[in-house]
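Based on the provided sequences and hints, a complete structural model is requested.
Protein chains: 4
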Amino acid sequence: MKPVKQLKIKSKKVSELIKSMKDTGFNGKKLARACLVYEEMIKKPGCTKFFGLAGAMVPAGMRGIIRDWISKGYIDVLVTTGANMTHDVAEALGHHHLQGKSQVSDKELKKKKIDRIYDVFMKNEVYGDMEDFVQRLEINDRTSVKELLWMIGRELNDPESILTTAAKKKVPVFCPGFVDCGLAVQIALNHQRIVLDYFKDLRELINLAWDAEPAGFVLIGGGVPKNHIMQALQFTPNNASYAVQITTDTPSPGGLSGAELREGISWGKVNPEAKFVSALCDATIALPLMAAYLE
Amino acid sequence: MKPVKQLKIKSKKVSELIKSMKDTGFNGKKLARACLVYEEMIKKPGCTKFFGLAGAMVPAGMRGIIRDWISKGYIDVLVTTGANMTHDVAEALGHHHLQGKSQVSDKELKKKKIDRIYDVFMKNEVYGDMEDFVQRLEINDRTSVKELLWMIGRELNDPESILTTAAKKKVPVFCPGFVDCGLAVQIALNHQRIVLDYFKDLRELINLAWDAEPAGFVLIGGGVPKNHIMQALQFTPNNASYAVQITTDTPSPGGLSGAELREGISWGKVNPEAKFVSALCDATIALPLMAAYLE
Amino acid sequence: MKPVKQLKIKSKKVSELIKSMKDTGFNGKKLARACLVYEEMIKKPGCTKFFGLAGAMVPAGMRGIIRDWISKGYIDVLVTTGANMTHDVAEALGHHHLQGKSQVSDKELKKKKIDRIYDVFMKNEVYGDMEDFVQRLEINDRTSVKELLWMIGRELNDPESILTTAAKKKVPVFCPGFVDCGLAVQIALNHQRIVLDYFKDLRELINLAWDAEPAGFVLIGGGVPKNHIMQALQFTPNNASYAVQITTDTPSPGGLSGAELREGISWGKVNPEAKFVSALCDATIALPLMAAYLE
Amino acid sequence: MKPVKQLKIKSKKVSELIKSMKDTGFNGKKLARACLVYEEMIKKPGCTKFFGLAGAMVPAGMRGIIRDWISKGYIDVLVTTGANMTHDVAEALGHHHLQGKSQVSDKELKKKKIDRIYDVFMKNEVYGDMEDFVQRLEINDRTSVKELLWMIGRELNDPESILTTAAKKKVPVFCPGFVDCGLAVQIALNHQRIVLDYFKDLRELINLAWDAEPAGFVLIGGGVPKNHIMQALQFTPNNASYAVQITTDTPSPGGLSGAELREGISWGKVNPEAKFVSALCDATIALPLMAAYLE
Chain A
418 MKPVKQLKIK
428 SKKVSELIKS
438 MKDTGFNGKK
448 LARACLVYEE
458 MIKKPGCTKF
468 FGLAGAMVPA
478 GMRGIIRDWI
488 SKGYIDVLVT
498 TGANMTHDVA
508 EALGHHHLQG
518 KSQVSDKELK
528 KKKIDRIYDV
538 FMKNEVYGDM
548 EDFVQRLEIN
558 DRTSVKELLW
568 MIGRELNDPE
578 SILTTAAKKK
588 VPVFCPGFVD
598 CGLAVQIALN
608 HQRIVLDYFK
618 DLRELINLAW
628 DAEPAGFVLI
638 GGGVPKNHIM
648 QALQFTPNNA
658 SYAVQITTDT
668 PSPGGLSGAE
678 LREGISWGKV
688 NPEAKFVSAL
698 CDATIALPLM
708 AAYLE
Chain B
418 MKPVKQLKIK
428 SKKVSELIKS
438 MKDTGFNGKK
448 LARACLVYEE
458 MIKKPGCTKF
468 FGLAGAMVPA
478 GMRGIIRDWI
488 SKGYIDVLVT
498 TGANMTHDVA
508 EALGHHHLQG
518 KSQVSDKELK
528 KKKIDRIYDV
538 FMKNEVYGDM
548 EDFVQRLEIN
558 DRTSVKELLW
568 MIGRELNDPE
578 SILTTAAKKK
588 VPVFCPGFVD
598 CGLAVQIALN
608 HQRIVLDYFK
618 DLRELINLAW
628 DAEPAGFVLI
638 GGGVPKNHIM
648 QALQFTPNNA
658 SYAVQITTDT
668 PSPGGLSGAE
678 LREGISWGKV
688 NPEAKFVSAL
698 CDATIALPLM
708 AAYLE
Chain C
418 MKPVKQLKIK
428 SKKVSELIKS
438 MKDTGFNGKK
448 LARACLVYEE
458 MIKKPGCTKF
468 FGLAGAMVPA
478 GMRGIIRDWI
488 SKGYIDVLVT
498 TGANMTHDVA
508 EALGHHHLQG
518 KSQVSDKELK
528 KKKIDRIYDV
538 FMKNEVYGDM
548 EDFVQRLEIN
558 DRTSVKELLW
568 MIGRELNDPE
578 SILTTAAKKK
588 VPVFCPGFVD
598 CGLAVQIALN
608 HQRIVLDYFK
618 DLRELINLAW
628 DAEPAGFVLI
638 GGGVPKNHIM
648 QALQFTPNNA
658 SYAVQITTDT
668 PSPGGLSGAE
678 LREGISWGKV
688 NPEAKFVSAL
698 CDATIALPLM
708 AAYLE
Chain D
418 MKPVKQLKIK
428 SKKVSELIKS
438 MKDTGFNGKK
448 LARACLVYEE
458 MIKKPGCTKF
468 FGLAGAMVPA
478 GMRGIIRDWI
488 SKGYIDVLVT
498 TGANMTHDVA
508 EALGHHHLQG
518 KSQVSDKELK
528 KKKIDRIYDV
538 FMKNEVYGDM
548 EDFVQRLEIN
558 DRTSVKELLW
568 MIGRELNDPE
578 SILTTAAKKK
588 VPVFCPGFVD
598 CGLAVQIALN
608 HQRIVLDYFK
618 DLRELINLAW
628 DAEPAGFVLI
638 GGGVPKNHIM
648 QALQFTPNNA
658 SYAVQITTDT
668 PSPGGLSGAE
678 LREGISWGKV
688 NPEAKFVSAL
698 CDATIALPLM
708 AAYLE
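Keeping their order, the protein sequence lines are chains A, B, C and D. Start counting the first sequence at 418; every next residue gets the next number (the numbering used here). Start counting the second sequence at 418; every next residue gets the next number (the numbering used here). Start counting the third sequence at 418; every next residue gets the next number (the numbering used here). Start counting the fourth sequence at 418; every next residue gets the next number (the numbering used here).
If you are wondering where the hints come from, they were derived from the structure by calculation, not from laboratory data. Note that the coordinates shown come from a computational prediction; the quantities given were computed from them, not determined experimentally. Any given hint might turn out to be false.
[Stated by the list, open to error] Okay, derived cross-link-like pairs now, BS3-like style, lysine-lysine, Cα gap no bigger than 27 angstroms in a straight line:
(1) D:K436 x A:K540
(2) D:K586 x D:K461
(3) C:K489 x C:K585
(4) A:K489 x D:K436
(5) B:K425 x B:K439
(6) A:K489 x A:K692
(7) A:K524 x C:K529
(8) B:K427 x C:K429
(9) A:K489 x A:K460
(10) A:K439 x A:K460
(11) C:K422 x C:K439
(12) C:K439 x B:K439
(13) D:K436 x D:K692
(14) B:K489 x C:K439
(15) A:K430 x A:K489
(16) C:K524 x D:K461
(17) A:K518 x D:K461
(18) C:K429 x B:K586
(19) A:K422 x D:K530
(20) C:K585 x B:K427
(21) A:K429 x D:K422
(22) B:K524 x A:K461
(23) C:K489 x B:K425
(24) D:K586 x A:K425
(25) A:K518 x A:K529
(26) B:K422 x C:K430
(27) A:K425 x D:K430
(28) D:K692 x D:K439
(29) C:K427 x B:K586
(30) A:K461 x D:K429
(31) A:K439 x D:K518
(32) A:K489 x D:K430
(33) C:K692 x D:K524
(34) D:K429 x A:K422
(35) D:K617 x C:K617
(36) C:K436 x C:K460
(37) B:K524 x D:K528
[As the list claims (entries may be wrong)] Covered by chain B, according to a simulated footprint, are these stretches of chain A (three or more residues, beta-carbon under 8 angstroms):
(38) 466-480
(39) 601-612
A virtual CB, placed ideally from N, CA and C, is assigned to each residue, including glycine.
Pasting the structure below:
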């Protein structure tokens with residue numbers, strides 16, 4: 418057994434810090450291993466890197482990291498929530514999220530027409546501009562969600578946008594719970610003839626999982642993105658050889674979001690010999706560290 | 418200000434216990450208030466009670482409670498995850514979930530073809546039977562998810578099933594992230610012509626929110642069900658007058674699952690004068706207590 | 418393997434509810450098992466039941482439960498925090514804790530001389546009365562903390578007091594971190610000659626652990642009470658045969674408060690064949706349920 | 418209101434990363450602010466910096482950071498747990514903690530005489546060496562805990578030891594729950610005549626708080642160290658002008674460990690105009706980041 422190395426700061430570089438954290442304990446060690454496993458995944462020839470993104474990551478300022486990772490080829494398949502796409506559109510339309518605070522009167526915010534996401538604020542007028550944008554969209558009567566999102570990305574034409582970058586790089590964006598978000602509500606109300614062909618997305622994701630040799634995944638938060646990626650891997654011969662999870666949920670309440678990755682071995686979603694690590698950490702701490710490490 | 422009443426056990430009845438917990442502090446008081454607010458919602462004439470159900474509640478033995486609440490009219494609109502529906506089908510097909518343990522080798526479980534959900538086990542052979550069932554289904558080429566789930570409920574014809582009961586009682590079941598579950602994967606692979614008309618579900622949910630006078634919601638866990646219900650309320654004149662949340666997530670990581678209900682006031686999802694309460698509690702503790710209280 | 422029994426409410430009695438929760442999953446099942454293991458401990462002839470009490474349990478209205486359990490012989494040795502003793506004294510001096518709320522301006526509370534403990538308030542004037550009480554105490558120049566607390570209990574002479582009841586029933590009260598509380602500060606400032614003989618307490622606790630045949634422990638929260646009890650058991654031949662933990666902490670950050678009970682086996686604190694269970698639950702929910710079950 | 422700046426990695430330096438995290442949201446922003454507030458505290462002339470250290474920080478490899486911060490004058494008063502001191506002694510006696518894993522049989526570890534602290538292991542033989550060391554100590558019959566710990570630090574004479582460094586730099590080390598740890602048990606059993614004069618420590622801490630102009634505190638975890646520091650500040654005219662907390666606990670269960678720092682304003686422990694921030698983060702992630710930032 419290797420000793421725990423009492424950490425000494427010898428360098429101001431993130432990469433050196435992460436390497437020294439690898440020989441400590443608890444979630445510091447896990448987060449360091451998360452960086453290393455993701456790095457190995459990126460370097461592995463042929464590895465298809467599925468990336469699950471839950472949480473309010475765009476409002477919290479993590480948009481640029483995801484955008485850059487798509488651009489650099491660190492993300493091959495993005496599975497995310499409608500909310501992150503809604504807020505990506507908001508930023509692309511020129512709106513900023515605002516640094517607010519959580520100890521505030523929500524009644525006062527309502528009067529000021531400001532929506533709150535913990536300590537991030539957004540002006541409600543965003544939805545008006547978004548509706549204008551949505552109304553201008555020309556959408557096929559039947560479209561997969563991926564095609565719809567790529568089309569939106571092209572229309573936004575914002576080099577800092579996750580959707581624009583994904584469309585440009587042909588990185589599929591799956592959004593299994595898309596209908597729960599503000600963007601989807603506006604599309605549904607303004608384009609009554611549209612049918613979203615979700616099963617087309619689902620079959621494409623399963624095919625991508627089927628063909629992955631090997632497969633790896635990185636999960637920021639849990640929720641539907643986590644389940645979607647892992648479910649696709651369950652029904653294919655190639656379960657995950659690499660897996661990284663950053664979450665603030667814990668296993669004992671039994672929900673998938675907090676489930677240990679090793680649980681996936683029983684289902685055939687994670688390979689018994691996989692390299693995997695889960696770190697209990699707010700993603701707004703973990704993502705910047707991982708991004709600086711991988712830079 | 419009322420004093421905290423030091424709790425003394427004077428009765429063995431759940432209802433008395435809950436009433437005495439109301440005058441204490443912390444989450445004991447909150448859980449008691451959750452029972453009372455839900456009770457008030459149920460007694461309020463005309464109140465449309467939206468119910469969000471995330472987490473692995475069917476595997477954990479909470480199926481009967483949800484089924485009974487639908488049957489009794491405590492739930493007017495169910496918004497849930499694909500996983501809960503998949504496991505409802507598994508039980509209806511005669512399979513049981515099993516009492517396992519979390520400290521176990523997942524590699525051994527895989528060899529024994531047993532899938533693990535924390536301390537609950539399920540034989541993987543369930544999926545074979547489910548596929549047989551799915552193949553026999555006659556599904557319209559274009560269907561909303563609600564219609565599909567009701568049809569499945571009727572086919573299952575199991576009086577203990579959530580879906581059978583919802584179909585019988587005409588309680589809409591929305592499942593915004595349905596494609597992430599095992600049942601959906603099997604339908605997608607076995608019925609390649611089917612298109613799910615998700616926007617039809619979405620518009621129906623928005624109409625239900627629009628017509629609710631008043632609206633109330635109860636959330637077991639967060640995730641897509643929480644966002645779907647609250648998003649529908651945002652775009653209608655009638656935001657929620659009552660709101661109850663049972664969750665193990667906390668606000669500061671910024672995800673919607675852990676967001677305080679008062680945050681919904683800023684968005685117009687929760688009425689500024691609403692009665693609302695959120696209790697930090699595993700739903701497998703809270704649901705039995707709430708059910709016994711409401712009995 | 419036993420099946421998960423889908424819970425149906427057949428009785429309004431807490432004891433029946435707990436028994437049915439035992440056959441479910443996740444923390445509902447764990448909390449039910451906590452009741453059963455504690456019950457078994459109580460019924461076991463000769464079992465010394467160590468009870469660790471952390472958290473702000475007296476302010477939250479849990480004082481009566483602890484007092485009654487001491488009175489009934491469910492607690493043989495109490496290890497707790499100074500804060501719980503300080504607030505027990507406050508109540509015994511005729512002060513009530515108050516039902517407040519957490520969403521409040523702490524600056525306003527300060528102006529009103531109200532101290533906040535999450536959603537429980539206490540008037541700061543309590544400290545004036547407590548100082549009067551402390552000044553009147555006649556304390557031996559050298560005293561163990563246990564003797565001091567028993568003496569205070571006798572002086573308070575409040576039948577609802579934890580300390581009075583413990584003194585009357587000769588249940589030792591250990592308070593390893595006593596000096597961190599308001600009561601201790603007042604004693605230290607008003608009785609400058611007093612020396613607390615902590616090591617006498619420690620040796621007495623170790624002797625109690627040494628003689629326990631068998632030993633069992635119940636932990637409400639973690640902290641110093643948990644460590645004190647488990648440390649005493651480590652250095653004795655009789656480690657715990659029964660162990661129950663109610664906590665809202667989780668294992669991966671590595672702190673003892675969230676550590677799994679099975680970890681204690683490696684140290685020799687918990688017997689390899691012990692019956693033990695840890696439930697993730699706010700104690701203000703768990704304690705009332707356990708008390709009603711054991712009634 | 419300032420916009421959330423979408424974070425872009427422009428530098429590999431920790432200090433630049435922290436500065437960019439300051440303009441994001443959630444706990445990433447909070448952790449960045451924690452670095453900045455601590456930096457401000459350090460630069461503030463005359464500020465007495467109280468430092469509360471709970472959790473198994475020495476086993477997890479954080480010893481060097483604490484030692485260096487004492488050496489550099491970033492910590493003026495250390496309040497910690499007995500466990501961290503016990504493990505500091507273990508390391509100083511030449512023992513290493515070991516990199517283990519949490520998914521392991523504790524029964525097997527017991528057979529191998531290895532103690533587990535989540536994913537860190539320690540050979541039980543450490544206690545034999547520690548007892549030899551304790552027996553050799555010459556301890557005054559009556560000693561404050563601070564004097565005892567400084568004396569132990571001098572005896573250890575290990576430049577990497579927290580205790581040796583604190584003794585050398587005359588940084589007081591208070592340990593209000595000292596008797597709960599293995600080191601204290603060995604002293605109590607081997608030096609039966611010793612009386613620990615805890616109230617001397619307490620009065621010294623209160624005097625330090627009284628004289629602080631201004632006072633600031635940094636809390637790693639909660640527990641007795643947090644309460645001890647904040648309680649001392651309550652009874653003095655100078656409450657904290659700066660406060661930083663790193664914790665994995667949350668407010669709603671009502672325990673002090675998870676309590677918001679603003680709650681301290683109501684008690685007079687934190688100044689209404691104080692700069693304070695609490696970040697929800699495992700300290701094994703936060704401490705290395707903070708140390709690299711402050712380097």
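Results of checking the hints against the structure:
A C-alpha spacing of about 25 angstroms is found between K436 (chain D) and K540 (chain A), which places the hinted pair at or below 27 angstroms, so the restraint holds. Between K586 (chain D) and K461 (chain D) the CA atoms are separated by roughly 20 angstroms; this keeps the pair inside 27 angstroms, and the hint holds. For the proposed pair K489 (chain C) and K585 (chain C), the alpha carbon gap of about 12 angstroms is at most 27 angstroms, so the pair holds. For the given pair, K489 (chain A) sits about 24 angstroms from K436 (chain D) by alpha-carbon distance, which is consistent with the 27 angstroms threshold.
Using a Cα cut-off of 27 angstroms, the hinted pair K425 (chain B) and K439 (chain B) holds, with the two alpha carbons roughly 13 angstroms apart. Between K489 (chain A) and K692 (chain A), the direct Cα distance comes to roughly 23 angstroms. Compliance with the 27 angstroms bound is thereby established for this hinted pair. Distance hint between K524 (chain A) and K529 (chain C) is fulfilled; the C-alpha atoms sit about 24 angstroms from each other, no more than 27 angstroms. Between K427 (chain B) and K429 (chain C) the CA atoms are separated by roughly 15 angstroms; this keeps the pair inside 27 angstroms, and the hint holds.
Proposed proximity of K489 (chain A) and K460 (chain A) is supported: the alpha carbons are some 12 angstroms apart, at most 27 angstroms. Between K439 (chain A) and K460 (chain A) the CA atoms are separated by roughly 19 angstroms; this keeps the pair inside 27 angstroms, and the hint holds. Pair hint K422 (chain C) plus K439 (chain C) holds up; C-alpha atoms about 9 angstroms apart against a cutoff of 27 angstroms. Restraint check for K439 (chain C) and K439 (chain B): satisfied, since their Cα atoms lie roughly 25 angstroms apart, inside the 27 angstroms limit.
Taking the CA atoms of K436 (chain D) and K692 (chain D), the gap is near 17 angstroms; set against the 27 angstroms cutoff, the hint holds. With a CA separation close to 25 angstroms, the supplied pair K489 (chain B) and K439 (chain C) stays within the 27 angstroms bound. For the hint pairing K430 (chain A) with K489 (chain A), the CA-to-CA distance comes to about 21 angstroms; that is within 27 angstroms, so the pair holds. Among the hinted pairs, K524 (chain C) with K461 (chain D) is consistent with the structure: their alpha-carbon atoms are about 25 angstroms apart, no more than 27 angstroms.
For the given pair, K518 (chain A) sits about 26 angstroms from K461 (chain D) by alpha-carbon distance, which is consistent with the 27 angstroms threshold. A threshold of 27 angstroms between alpha carbons decides the hint, and for K429 (chain C) with K586 (chain B) the separation of about 26 angstroms falls inside it, so the pair holds. About 21 angstroms separates the Cα atoms of K422 (chain A) and K530 (chain D), which keeps this hinted pair within 27 angstroms; it holds. As the CA atoms of K585 (chain C) and K427 (chain B) are separated by approximately 23 angstroms, the hinted pair is consistent with the 27 angstroms bound.
Of the supplied pair hints, the one linking K429 (chain A) and K422 (chain D) holds, its CA atoms being roughly 23 angstroms apart against a limit of 27 angstroms. Annotation: proposed proximity of K524 (chain B) to K461 (chain A) holds, straight-line Cα distance about 24 angstroms (limit 27 angstroms). Restraint check: the Cα-Cα separation between K489 (chain C) and K425 (chain B) comes to about 14 angstroms, which is no more than 27 angstroms; the hinted pair holds. With a C-alpha separation of about 19 angstroms, the suggested pair K586 (chain D) and K425 (chain A) falls inside the 27 angstroms cut-off, and the hint holds.
Our distance criterion of 27 angstroms between C-alpha atoms is met by K518 (chain A) and K529 (chain A), whose separation comes to about 15 angstroms. A threshold of 27 angstroms between alpha carbons decides the hint, and for K422 (chain B) with K430 (chain C) the separation of about 22 angstroms falls inside it, so the pair holds. For the hint pairing K425 (chain A) with K430 (chain D), the CA-to-CA distance comes to about 16 angstroms; that is within 27 angstroms, so the pair holds. Simply put, K692 (chain D) and K439 (chain D) have alpha-carbon atoms about 15 angstroms apart, close enough for the 27 angstroms limit, and the pair holds.
With a C-alpha separation of about 22 angstroms, the suggested pair K427 (chain C) and K586 (chain B) falls inside the 27 angstroms cut-off, and the hint holds. The suggested pairing of K461 (chain A) with K429 (chain D) holds, with an alpha-carbon distance near 23 angstroms, which does not exceed 27 angstroms. Between K439 (chain A) and K518 (chain D) the CA atoms are separated by roughly 13 angstroms; this keeps the pair inside 27 angstroms, and the hint holds. Pair hint K489 (chain A) plus K430 (chain D) holds up; C-alpha atoms about 21 angstroms apart against a cutoff of 27 angstroms.
At roughly 14 angstroms between alpha-carbon atoms, K692 (chain C) and K524 (chain D) fall within 27 angstroms of each other, so this suggested pair holds. Between K429 (chain D) and K422 (chain A), the direct Cα distance comes to roughly 23 angstroms. Compliance with the 27 angstroms bound is thereby established for this hinted pair. Under the criterion of a C-alpha separation no larger than 27 angstroms, the hint pairing K617 (chain D) with K617 (chain C) is consistent with the structure, at around 18 angstroms. At most 27 angstroms may separate the alpha-carbon atoms for a hinted pair to count; K436 (chain C) and K460 (chain C) meet this at roughly 17 angstroms.
As the CA atoms of K524 (chain B) and K528 (chain D) are separated by approximately 24 angstroms, the hinted pair is consistent with the 27 angstroms bound. Residue count for the stretch 466-480 of chain A with a Cβ under 8 angstroms from a Cβ of chain B: 5. That meets the three needed, and the coverage hint holds. Counting residues of the stretch 601-612 of chain A whose C-beta sits closer than 8 angstroms to any C-beta of chain B gives 8, which meets the bar of three, so the coverage hint holds.
Hint compliance for this structure: no hint is broken.
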